[in-house]
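Colleague: Listed below are the residues making up each chain.
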Amino acid sequence: MTLREVANITQAQIISGQELLDTEVISACGSDMMSDVLAHVKNQSVLVTGLINPQVVRTALMMDMKCICFVRGKIPDEKVIEIASENNIVIMATKNTMFEACGKLFSRGLRGGD
Amino acid sequence: MTEIVWRFDVEGNNFELAGHASQQTKSRLKQIGVNNDIIRKVIIAMYEGEINMVIHANGGVATVTVQPNLITVVLADTGKGIENVELAMKEGYSTATTEIRELGFGAGMGLPNMKKYSDDMTIDTTVGEGTTITMKFKI
Numbered sequence: 007m008t009l010r011e012v013a014n015i016t017q018a019q020i021i022s023g024q025e026l027l028d029t030e031v032i033s034a035c036g037s038d039m040m041s042d043v044l045a046h047v048k049n050q051s052v053l054v055t056g057l058i059n060p061q062v063v064r065t066a067l068m069m070d071m072k073c074i075c076f077v078r079g080k081i082p083d084e085k086v087i088e089i090a091s092e093n094n095i096v097i098m099a100t101k102n103t104m105f106e107a108c109g110k111l112f113s114r115g116l117r118g119g120d
Numbered sequence: 004m005t006e007i008v009w010r011f012d013v014e015g016n017n018f019e020l021a022g023h024a025s026q027q028t029k030s031r032l033k034q035i036g037v038n039n040d041i042i043r044k045v046i047i048a049m050y051e052g053e054i055n056m057v058i059h060a061n062g063g064v065a066t067v068t069v070q071p072n073l074i075t076v077v078l079a080d081t082g083k084g085i086e087n088v089e090l091a092m093k094e095g096y097s098t099a100t101t102e103i104r105e106l107g108f109g110a111g112m113g114l115p116n117m118k119k120y121s122d123d124m125t126i127d128t129t130v131g132e133g134t135t136i137t138m139k140f141k142i
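First to last, the sequence lines map onto chains A and B.
Using the working numbering, read the first sequence as starting at 7 and increasing by one per residue.
Using the working numbering, read the second sequence as starting at 4 and increasing by one per residue.
Hints listed in this document are in silico derivations from the structure and should not be mistaken for laboratory results.
Glycine included, each C-beta is placed from N, C-alpha and C at the ideal position.
It cannot be assumed that every hint is accurate.
[What the hints assert, rightly or not] Once the Cα atoms are required to be at most 35 Å apart in a straight line, the calculated DSBU-like pairs of lysine-lysine come out as:
no., chain 1, residue 1, chain 2, residue 2
1, B, 139, A, 80
2, A, 101, B, 141
3, B, 118, A, 72
4, A, 85, B, 44
5, B, 44, A, 48
6, A, 48, B, 93
7, B, 33, A, 85
8, B, 141, A, 110
9, A, 85, B, 83
10, B, 139, A, 101
11, B, 93, A, 80
12, A, 110, B, 139
13, A, 80, B, 141
14, B, 44, A, 110
15, A, 80, B, 118
16, B, 119, A, 85
17, A, 48, B, 118
18, B, 139, A, 48
19, B, 33, A, 80
20, A, 101, B, 83
21, A, 72, B, 33
22, A, 85, A, 110
23, A, 110, B, 83
[Stated by the list, open to error] According to the in silico footprint, chain A covers these stretches of chain B (three or more CB under 8 Å from chain A):
no., segment
24, 7-21
25, 40-54
26, 57-71
27, 78-92
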């Protein structure tokens, strides 16, 4: 699916990277523990998380991820958005919980990666 | 390609900058054409190590050496040292504070991840004097 579809499915608001919404993704990872994200690297392109500090973007960046979907209505601050924009990572925010967002994306075809 | 050496100062307890050295290294490795799978291994291991230096050791120095068949990352600090290396290597064991956990770290996966993604890792540590971790990655 495209990142535009990820946003539609989770009813997320696009915070930055509007021009990159046609990017295709096939896998995602949901976690609030960045160490776990680093430990279970599986070529995921979307990070679903409720953490909003700069380390989240850095982690996504290290893993070559294309998009971060912040859950539970959290909006990151300017610094986070700036690092993401500089590195072509799309930032979106949904009011869904982590469980809801992951469930919806999984049921529409996103997988955990391999 | 002859030998290339990059050196980065890592500032302690600066969580906004933590990961900057790894990020720089990633871009530079890309620029010189290192394979993406190798870059990912190097960067995950280095990033975990860099975070450790920021969290536990009040910063330090990260040195990356690129040779034709080998990338070596040395993370050296003058922090408090690791009391029990065997325990620190155990997945899930962590001495991180609540503040660190709120940043998404402190899951006790730092050193295990570094070991997992490097081809060789040595830890040289003395309590009260500091720690030097050397990781090697075959290209």
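Colleague: Determine for every hint whether it applies to the structure shown.
Modeller: Outcome of the hint check:
no. : hint             : verdict
1   : 139(B) to 80(A)  : violated, 39 Å
2   : 101(A) to 141(B) : violated, 44 Å
3   : 118(B) to 72(A)  : holds, 27 Å
4   : 85(A) to 44(B)   : holds, 27 Å
5   : 44(B) to 48(A)   : holds, 12 Å
6   : 48(A) to 93(B)   : holds, 22 Å
7   : 33(B) to 85(A)   : holds, 24 Å
8   : 141(B) to 110(A) : violated, 40 Å
9   : 85(A) to 83(B)   : holds, 31 Å
10  : 139(B) to 101(A) : violated, 43 Å
11  : 93(B) to 80(A)   : holds, 33 Å
12  : 110(A) to 139(B) : violated, 41 Å
13  : 80(A) to 141(B)  : violated, 41 Å
14  : 44(B) to 110(A)  : holds, 31 Å
15  : 80(A) to 118(B)  : holds, 34 Å
16  : 119(B) to 85(A)  : holds, 31 Å
17  : 48(A) to 118(B)  : holds, 18 Å
18  : 139(B) to 48(A)  : holds, 22 Å
19  : 33(B) to 80(A)   : holds, 33 Å
20  : 101(A) to 83(B)  : violated, 42 Å
21  : 72(A) to 33(B)   : holds, 17 Å
22  : 85(A) to 110(A)  : holds, 29 Å
23  : 110(A) to 83(B)  : violated, 46 Å
24  : 7-21             : holds (count 3)
25  : 40-54            : holds (count 6)
26  : 57-71            : violated (count 0)
27  : 78-92            : violated (count 0)
Going down the numbered hints, you'll see the structure goes against 1, 2, 8, 10, 12, 13, 20, 23, 26, 27, while the others check out.
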